[in-house]
Amino acid sequence: MTMLLVHLLVDGIVTGCSIGLVAATFAYFYSATGTFHVAHAGIYTFCCYVAWYCIGLDIPFVPALLIAMIVGALLGMMIQGLLYAKLERLKATPLVMLIGSIGVLTVLQNVSAILFSPNIIQFDLPWRTEYLEFGPILLSIPQLLIVILCPLLFLALQVFSSRTALGRQIRAVASNPELAQITHLRPQRMFLYAIAISSALVAVPGTLVGIDQAMQPYTSLIILLTAVVAVIAGGIGSLAGAFLMSIVLSIIQSVSVLFVSGRWSLGVVFAIFILFILLRPEGLVKRKFKREL
Amino acid sequence: MRKLGIGGFVTVGLMGFAVGGAAQAADLTIGALLPLTGPAAPIGIEEQNGVQFAIDQFNENGGLDGTPVEVVFDDSQGKPDQGVLAFNRMADLGDVPVMLTAYSSISLAIAPLGERREILIVNPAAQSDSLADASSYLVNTIPLVGDEAHVLANYASENLGKSAAIIYENAAAGVSGRDSFKKFFEAAGGEVIADEPVEFGQTNYRASLLKVAAAKPDFVYIAITQSQAAMADQIGQVPSFPLGIGNTFSSPFFGYPSTEGWYQTGIQSGYPSDELVTKFKEKFDVDDMGFFAREYYNSTNLILTLAQSLVEDGKELTGKAMREALFETGTFDSDVAKLEFTTNTASRPVEILQYQGDERVVITTGSVAE
Chain A
1 MTMLLVHLLV
11 DGIVTGCSIG
21 LVAATFAYFY
31 SATGTFHVAH
41 AGIYTFCCYV
51 AWYCIGLDIP
61 FVPALLIAMI
71 VGALLGMMIQ
81 GLLYAKLERL
91 KATPLVMLIG
101 SIGVLTVLQN
111 VSAILFSPNI
121 IQFDLPWRTE
131 YLEFGPILLS
141 IPQLLIVILC
151 PLLFLALQVF
161 SSRTALGRQI
171 RAVASNPELA
181 QITHLRPQRM
191 FLYAIAISSA
201 LVAVPGTLVG
211 IDQAMQPYTS
221 LIILLTAVVA
231 VIAGGIGSLA
241 GAFLMSIVLS
251 IIQSVSVLFV
261 SGRWSLGVVF
271 AIFILFILLR
281 PEGLVKRKFK
291 REL
Chain B
1 MRKLGIGGFV
11 TVGLMGFAVG
21 GAAQAADLTI
31 GALLPLTGPA
41 APIGIEEQNG
51 VQFAIDQFNE
61 NGGLDGTPVE
71 VVFDDSQGKP
81 DQGVLAFNRM
91 ADLGDVPVML
101 TAYSSISLAI
111 APLGERREIL
121 IVNPAAQSDS
131 LADASSYLVN
141 TIPLVGDEAH
151 VLANYASENL
161 GKSAAIIYEN
171 AAAGVSGRDS
181 FKKFFEAAGG
191 EVIADEPVEF
201 GQTNYRASLL
211 KVAAAKPDFV
221 YIAITQSQAA
231 MADQIGQVPS
241 FPLGIGNTFS
251 SPFFGYPSTE
261 GWYQTGIQSG
271 YPSDELVTKF
281 KEKFDVDDMG
291 FFAREYYNST
301 NLILTLAQSL
311 VEDGKELTGK
321 AMREALFETG
331 TFDSDVAKLE
341 FTTNTASRPV
351 EILQYQGDER
361 VVITTGSVAE
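Residue numbers (the UniProt record's numbering), protein chains in the order written: chain A, 1 to 293; chain B, 1 to 370.
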């Protein structure tokens, strides 16, 4: 029983790290723009397919991942420039923006299926199923990469947001777009940077999870749902809250199979979400439901 | 413009009717409702290839009384609601008298519609036990999961141990597999000590695998219809994962280090001639004419045989006439399979196969009756 608990904890932490970066990047763009960017899930999957395609062309893993990140950034900028910016100019309500984003997600899923494959894909990488032993725990190389890279990239995002000039400019626009405009910070340009950064970063968990487990064009929505729960329960506007809450929720989801059938594990996550909404609406990290970085 | 008199109108009308009637007798459009997108698409596309190949071969050999047979494909996305919409599209716009189907939940959803509209539905691969009597217009050219589970449960209780765990897909085929295996295994003196569902489309199975392994059963019966490769990889990471067994839809588990020595039942399914297999591989650029391609090829040929016999007898190509012809003929023999219909479900032998290196070795062949 104890060993099983340890295994499930480790599985939860690994899953939590990948979802954590999805949640943090989703929160980053939401905080910057106020757009509920559901299409983030589509970018997550699309980038995985790009990396898979590149590796199929015998491009080594690291360049393939970098290409996927660049494609992710460009795709995000396209979505912002061609859809969100135009909708904003038309004074679209948040609901219209959300529906537009769902539309983009559906298109991306279908484009992934048409351009690459509707199949469940597995990467042709020899190290994909190699394991390292840590006592009784076996971790695959992709799992190790997830545990190392995702928290590192999350920290890098934190540092970028709080310590760099561009990061501060994006925060300034997020806090007060009108004032930022007066000071010659162009909000739409900042939004482009924000979506490029979050889309490039989400390519990393997308690709690594694809290598670890397999990927198909339609699986990412459930990952985004958990990430969004983590964003809200972690405290909207708090990147750290979103990342930590993702790990907590993933551990709960994983360990819950000890007590309930696996079919209820996602239900457990959403039950916790409802409890958070009722008992601590400001989330784990107190931000009072306002868009902040 | 010259006007036709009443006599001329009637004559032209009758000629038109006669021409239309004759054309109608040999005109056949077959519907194929397959999951062409979504998690089940890999299987759906293999099935589509099998159907298309059978139609192409038939038309190359002269078609139906000189008229090429047509096929209309529609996408169920692996979802019952989309399946019903696609069924109605093909019934209303395509006016098809016969339709091939795939996946249990979709076949179950359209079964009553087939009955109501007298469209014969041919199921070459879905295996939920509920399909046995879902509709008098639904025929299954493959034994159902209960038949396979029965043979497998008897074999497992005698040879593999008395305690089992079950991992099943929480959808029609998986639930049916779980229920059937549990019933027959317990009847054979075995005990199911754990069962764990997984979701259709899921790719992370680690928590479920760890839980099942911790129960320490003699073996695990696995009933999932997709993502077997991902599960096989993750099983390799779980220390002391027990031996796995499964039904026909466990076939993709073959060929992984973690599944060496596993067992699965298989419906006896042969290959068409070498020449046809080569042609198939070239046409669709694939390495093999897989199980689903062969089964859909064979079932499409069954439909074409029925249509041919109706045309030869001067009968109309309706779903009702095809259904009657199917049960009148009863037995259909081909290189792929010998199908015998005494009920809506064809009876065929079931093999127990074991994964031994790069081969699936037939350990024994049985049937429910045995």
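Among the hints, a few may not be true.
Chain B side only, calculated, beta carbon under 10 Å to chain A, not exhaustive [stated by the list, open to error]:
1) Ser136
2) Gln237
3) Pro239
4) Lys283
5) Thr331
Negatives, chain B to chain A, calculated, CB over 12 Å [said to hold, decoys possible]:
6) Asp65
7) Ser105
8) Ala229
9) Tyr256
Cβ-Cβ distance ranges computed for the label pairs, FRET-style [unchecked claim]:
10) B:Glu275 to A:Val111: 30 to 40 Å
11) B:Glu282 to A:Asp124: 17 to 27 Å
12) B:Glu260 to A:Arg189: 37 to 47 Å
13) B:Thr364 to A:Leu115: 39 to 49 Å
Hints are computed from structural coordinates only; laboratory data are not their basis.
Here a beta-carbon is modelled for each residue, glycine too, at the ideal position from N, C-alpha and C.
Index of numbered hints that the structure contradicts, given in increasing order:
Numbers 1, 4, 5, 8, 9 and 12 - these are the hints that the structure violates, sorted from lowest upward.
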